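Please build the complex by placing chain Y on the supplied structure of chain D, with the hints as guidance.
Going line by line, the protein sequences match chains D and Y.
FYI, the working numbering numbers position 91 of the first sequence as 91, with every residue one higher than the one before it.
FYI, the working numbering numbers position 916 of the second sequence as 916, with every residue one higher than the one before it.
If you're looking for bench data, these hints aren't it; they were derived computationally from the structure.
These numbers come from a predicted model, not from an experiment.
You may find that some hints are simply not true.
To be verified - Computed beta-carbon distance windows for the label pairs: (1) A258(D) with N502(Y): 51 to 57 angstroms; (2) E1293(Y) with S69(D): 53 to 59 angstroms; (3) T407(Y) with E244(D): 52 to 58 angstroms; (4) D1536(Y) with A258(D): 41 to 47 angstroms; (5) A1486(Y) with D83(D): 35 to 41 angstroms; (6) S1546(Y) with A258(D): 52 to 58 angstroms; (7) E846(Y) with S272(D): 31 to 37 angstroms; (8) R1448(Y) with S69(D): 28 to 34 angstroms.
Cβ atoms here follow ideal geometry from the backbone N, Cα and C, with glycine treated the same way.
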Amino acid sequence: MTQQSSNKHPVCKINFLGRAAWSLLVAVSVLALSVRGADWGSLKGRLVYEGDAGKPKAINVTKDVEYCSKHKLVDEQLIVADDGGLANAFVYLYLRRGKSVDIHPDYDKDLDQPIVLDNKGCRFNPHALAVYTKHPLEIHNSDKGIGHNTNAQALMRNPKFNELISNDSPVIKKFKHSESYPTPFACNVHPWMGASVLIRENPYMAISAKDGNFEIKNIPAGKHEFTFWHETNGNMRGLSVGGEKTSRRGRVKLTIPAGKTLDLGEIKVAPSVLGK
Amino acid sequence: MPATEQTWYSMKVLHVVFGVSALVMTLASIWMIANDYNREWKSWTLADRKKEAWMLTAQLDAKTDQYASQTAQLLQDLLEARSQPIEKNQIEQFESWVNSENSRLDRLGMKFKKKDFGDLEKAYEAFQDASGDVQEMQRAIARQAKSAGDASEKDQGVSGANRPESAKQRMVAGPAAAAGPGADRAHEPFGDLKAAQDNAAAARAKLFDAMGEFISEARRRQKMLEDQKKFVNADRTAAVSKLGLLVEAGASQQEQDAAQGQIDQLDQHLEDLTDKIANSITYLDGLVALQTGMDKKAKALTKKLGAMQTELKRLHDQIYLNTSNLGEWIARRPILNALYNGNVKINQIWLPDLTINYNFTQAARFDRCKSCHRAISQTATGTPTDPAYPTIPKEQRELVLTLDTPTSPPNAVSSTIPSSEEQPAGEPAREGTLDNREKLKRAYGFVLADQGIVNYEDVTVRFVVPDSPAAQAGLESGDVLLQVGDMPMHAPTQVAGVLLQNVTWGAPVSLTIRRGLDHPFTTHPRLDLYLTDLSPHPEKIFGCTECHDGQGSGTAFKWTSHTPDNADQQQQWRRKYGWFDNHNWIFPMKPHRFIESNCMKCHYNKAELEASERFPNPPAPQLVKGWTLVERYGCFGCHQINGFDGPNRRVGPDLRLEPNYHETAAQILRDQGLNKAERGWASRLVHTPDDGPARRQLMASVQQDATASPGRLMENTHKLASALKDVEIPGQYRKVGPSLRHLKSKVDFDWLYSWINKPTDFRPTTRMPQYFHQFEHLDEPEDADQRAVSERFEPIEVRALAEYLLANSSDFEYLKPPAEVTEPASAERGQWLFESRGCLACHAHEKFPGIASIQGPDLSRLSAKFNTEKGRQWVYSWIKQPHRYSSRTRMPRLFLDPIVEKDAQGKPTGKVTDPAADIRAFLLGVPTDWRPTGVPSRQMTADDEQALADLASEWLTSETIPPEEAKKFIHDGIPARLASKIKSVARPLLDINDQNRVSKQLEYVARETIGKYGCFGCHDIPGFEDARSIGTGLADWGRKESSRLAFENIHKFLETHGVEAPGRAHPENSGAGPGNSHGTAGPDKAGPDKAGSDKAGGHGGAWANLDHTVRHGHLDPLDFNADESYFVQAIDSHNREGFLWQKLRLPRSYDYKKTRNEGYNERLRMPRFPLNDAQREAIMTFVLGLVHEPPAEQFVYHPDPRQEAIIQGKQVLDKFHCAGCHTLRMERWDFGFTEDTFESPPEVVDYPFLETQFDEKKIAASKQLDSRGLLHTSVHGLSVRSEETGAAVRFDEDGLPLEEDDDESAPYYLFTLWQNALIQGETWPRGVQDLLIPARPDGYGPAHGTAYPAKGGDLTRYLFPKVIAHAKQANPQAKGVEAWGWLPPSLMEEGAKVQPDWLHGFLMDPFAIRPAVVMRMPNFQMSSEDATKLTNYFAATAGAQFPYEFRRQQRLSYLTAKESHAPDRLQEAMRVVTNGNYCVKCHTVADFHPQGEQATLGPNLAGVTSRLRPDYVRKWIANPKRVLPYTGMPVNIPYDPDKPHLGGISQDLISGTSIQQLDGLVDLLMNFDLYTQRQTSIQSLVQSGAKSGEATDKPQEQDK
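Isolated chain D (complex conformation):
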């Protein structure tokens, strides 16, 4: 599917290739200049919810009832595994406006591979998504005959958009700027549909998996600030991470060791952190 669509738009492809080559060039020259830039480290951890999330609530389907109600839709804001693993939390590198960071050459491979957000089964798939701006974002509609639109009303630094997504041609978006926080994407036709999309000019971001695990690879070694964020209550403040508390902005400073992985272990998320 993805392959096809890229073939359909040769112009875009060339463009991306060109960009990729250029970025590579920049990256190489940066590498050549900076000695310390070659030291990279990783960050991992697991978020565990300490409260009782209960079963996700079923959605009251009010539109396209016949089709959508087949999918047993539930409220996906808070998804917690049986052992407490907290899914769909964002962990990402915080940079002040105008600051940049070295990017590991691994990240600049396959830049024409789109990141896909699908409208499938009357929900956004995936529910949480990270977009590195060098990749295009493709929005699909896999629900045959069901009209969806994708409304990115809350974008701050990229142009807002709200477009109808038809079955036959996906909408392709290229972003230029970092958004500071994950942005809600919505569908106006089906008011229950929602997704959180984080758009950054760097690839250092992770979304916790169903079991609560997350990992960010190949971060330049050194001290960085990371943001912890979850859809329920935004910034996860007061989280105990690596011996420090996250600030009111959900941020904490962590030192990434060169050539090693900083394992934060289990990070306990109290219900109050998610505003429960």
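For chain Y alone, coordinates are given in the frame of chain D:
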């Protein structure tokens, strides 16, 4: 003794006479000259010139200082640019062009001067050598600098990052900056470098000269060719005329052919020449471009230098104009000055057409105000409206600034501030300050002047170096230094002493300064409105005194009739300028507090004076406030304010009641004798009083009946008929109080009695004034009797009024709840309905503290009023259909129809609720402990009856009916024989018997009382349809002679009672206290007031006034606060202002001591209104401006049709309070920002027609930095609000909402644009991105700017968080931003959106459009006239066509033309509309209804045809967000020029590009009716109809 010769010729006597008279004349002449020479204005002019020169010199100094370093830098750059090497290939290019041109000319065989390249190449080589030297030298210097830098880095450990930069700086700056430590070593090479550069520049000039020779040769050739062409052209003209002559003369064909041949030949020649010229121009241009290209940088630098020099010269010239030179000084001496007085002369504006009333004659105005107020219209350099010398409010004139000191004493400071070695221009510095001056400048960045601007001894800042510590502290040129730290400053040397020696280095020091100038040196604060040529009131046309009043021809302070704004100021003026109250001048200047009154001389509509797009700062806020209060309290009910003098002459604002047609008709309807037609007309009139035909027919019919005998109708009906006649110019205002025509169906006696008795008791915020219980003036022992009379009669009046109103009400039929309702009423549902259905747009209620509209009454205590059987029924009927009860109410019908409850899927649950019953349950369910108090039993006591009889007799007593007889009549009734002689009001007294005596007396007293208090001025009261208003007309009150104002004993009253706010007087215990003081004040009672004013009038001058004040020592204005002092003073001098002030505060106080000599019914009747001081002053501003003095026609404000539509519309908007729900104007933020505040706007690919361009001028202006280094912009929109609280949210720089206690990062507001904005030369389109605007630290709005509030939409903003919360109950994912779409829409561009005739119809008969909204547009039952005004208003504000609009897209010719290319385009478009993925997903289309939650559904598309304008529909479908930023409607047909079909949607669905697809949809929607028409065959219907018609007789069934 007869005269002899001796008498005539007595030389001695004659000599004496002659001598004495000569002496006298000489003295007189000297005195005259001296007097003339010493006129006051001269000293002001000279002082102002001095100020001007001071300011200009300061500017010059600052500029000189600033330029000094820049000039050196620029010169250096210039040298650098001139020694830059020139690429060899450019010279080669030059040569190749010359060569090719030469060979071209050779080919053509043209003769020309050839020149070889020897000189050119030689010059080039010479230049290359010179330039090469320069380069080499520079490299050497750079190496040297680097090694020096490295060395110092090692030595001092300076960070490496800074070093290269500073080295570079030094290198570039060259010799000018050779002050640094390492510079000495580099000095020598620099010297060489300079020489080398000069050398290169000279070589370059030679090179250009060499090139210039080729260029001038090329120019010569071109000129030559052009000359040739001229000659050939002349030849051709001659040849043509020759041919003409030949033809005329009938010459042979051959001859003609020859002539023609000649012409053709010449034509050929011309063509040839034209070609040659074109070629030579190309050649020349090429050479010139090449040469200028080489010299571009140098040219730009030269230009910059030139601009600086021009600026300095400009300042020099201006200073010259403002300084006296010797010649001027001599010319200004006495006598000589008659011949020529230079720049010092009276500055007068002659206004021949803007006349002034000089008692019986209209004379031209001479305004000489500018002789002293010279800078009044002066704008700051480079701005159109900013004042050059702003008037700074008193409280902001003294400032404390914090100045950073250097870290070490300034002697050691190596300056970071660029400075020049030159002395600043201007006067030479004093001994000893030279050093310090330079030191101060280097250390702090400011320079002190040797003398103050106006006061010689002020320690004044001359100028401030940009970006210096002083500039950062906020110090400005012209600031007066009062204190440094705690030490007061007296001389510039002292400042230097402290700041250079006695400060803690590195610690900030505080500077206390005074900023701004005093009058008359300042500039007018509103140059956007007045004086400047760009303003609507240029000084040359309007002068000064038309707006300010005063004596414009005066040239001395005291003779111009300045008016002080309070007693302190008066006292000061008297001392300083010899001010006195000039009673002889009838137009004294308006004091500052009433300055806005005079706007009404030319502006007769309130809306003209309100804030507008052009003038966002309200032009006359206090006047508008007063005007609004007069409208709100309905002053015009009693006091007519007639703005017309005859049908065609406008004299002022027009506030009059509308004709009483509906009341008259309602009263006529009571007549049982009406026939059916008359009843029909009358009923129509009650509901639509503007129904002229019905009115005229009714009147004619009733009048006809009056002439018949016997008539069908009652005598009263005949009388009323005349009230139905046409009125020349009808008034526009409705009565402000509710109709009392059906009162008995609404309230009962107890409540009514209590209400009339004291309205504020039940509703503290009521507008109804208090008529009773005002006894402040009756609290002295001597007045005990008078007070007893009041206390006895007032309850009788109240009772009579209540009884009359209940007894004379008409019946009213209550509405019954609909049958389909299944649920009982619920107060809980009612509360949400009350909130969300729009009630709060007009009403306040204690349950909803966040919003308090004053359009309608506060409804908090309703249960105490209506918890009766009839009350409950009435409330239900009223909220459901208010116009049934009163056709003139402004309360609209809210369509509170039964609600069929639905489940989430939209299926009815079977429950039906009644919103009207719910709201009633809520309103009457809110408990209150208020009960009517002090209400007497309805059954009267014997005492009451006696009092009633006495009051009635007092009323009846007149010149013809003596008291005794009156008493008898009251008891026994007026004999029938007198029936024809009595007034109609006394008719109830005709047949009195024992049973009806009391009620008849009550009715009589009630009628008299209503007439006395004029209740019908505000209420519709049966029986008073033709009553006339009772108060003084106010149309010319602002010029009312004070001698005609009855001040009575008010002075004495204030002396004894004090000047305290009304309502604080205690009638019970104030009897004794004031009595004493009255005793002492007793002796000089009565007389003095009058004598005083006589004296003041007779003598004039300060004496009389002083005398006045002294004698009124008990009431000395200086004893009061500023505001009160003004009015006490005004009462002392018997001014209108004083009279009005007291009249509005305590109207009955004018009865003080007067009641003793007058009857009860002669007492003053004006009630007391619940106003505060500011409101009273606003009302006074309005009333004092009613002067009935229109200037010549051309000065009166005449709006253009668009403006007129806006003004008229605003009045209707106000009337129905449209702004309660709708936002009529979004917020506007005007602010300054630094260059790095905003990134560039995001690039969006969208339909080309959505792009908007700003004009060049605006773009240039948006890139202009102001003196603070800020850019400016103006944006319209709304800041992003919290979904929980609805309050504007502050964000951090990342766009994260800031919590209350978060001060970690600077705050911003996120601003949603509702209009495309222009920022830094770039367009920010609406609907694409929100702006993150730096917030002001101390409140709402932008930093460095103003937030002008939105107009209207209070309820929308209030409900925003509430509807979200409500929606989230049903759907937790409900999205906040879309909630704006569930609320009343903003109407900024409504006129460009909807079709005018649709809007007109909708306003008169609104219907539901958007399924998502929580409330519906109510029905105001407005007249067609009002609806038209609103329609035009919206179109006018949106810049759309009105009153009609031509819609090409709906013409058949248009469609046919389009369909000739694509016959199926509408069908295809219909496929999109009906495709399940597109329109019908959310929109109803004709009879199709989509599934889903109401909030997600859109309006019926079948309605678009008649509702929307085509251009709007096109923009909307193209990208809805670009029209309505919050909309949830997506882009359906995307536009992308890089994609097939320009990004259009599937060709299977609809063919063509995206634009064609879009236009197809627009055309379908605009012609939906036509499209459906085409689907129906009428012919077949007719045929089948005809067939069946033959067979059967049921055509109706066939229709279905």
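Using the C-beta atoms of A258(D) and N502(Y), is the stated range 51 to 57 angstroms upheld?
Holds: the Cβ-Cβ distance is about 55 angstroms, inside 51 to 57 angstroms.
I want to verify a distance hint. Is the separation of the beta carbons of E846(Y) and S272(D) within 31 to 37 angstroms?
holds (35 angstroms)
Given the range 35 to 41 angstroms, decide if the beta-carbon distance of A1486(Y) to D83(D) lies inside it.
The hint (35 to 41 angstroms, Cβ to Cβ) is violated, given that A1486(Y) and D83(D) are roughly 56 angstroms apart.
Whether the CB-CB distance between D1536(Y) and A258(D) falls inside 41 to 47 angstroms:
With Cβ atoms ~45 angstroms apart, the hint holds.
Cβ separation of S1546(Y) and A258(D), checked against the hinted range 52 to 58 angstroms
About 54 angstroms separates the Cβ atoms of S1546(Y) and A258(D), which means 52 to 58 angstroms holds.
Lying within 53 to 59 angstroms: is that true of the beta-carbon distance E1293(Y) to S69(D)?
Given a distance of about 44 angstroms, which is not inside 53 to 59 angstroms, the answer is violated.
Outcome for the supplied range 52 to 58 angstroms, where the beta carbon pair is T407(Y) and E244(D)
violated (36 angstroms)
Status of the given 28 to 34 angstroms range, CB of S69(D) versus CB of R1448(Y)
For S69(D) against R1448(Y), whose Cβ atoms are near 47 angstroms apart, the range 28 to 34 angstroms is violated.
In summary, the numbered hints that this structure violates are 2, 3, 5, 8.
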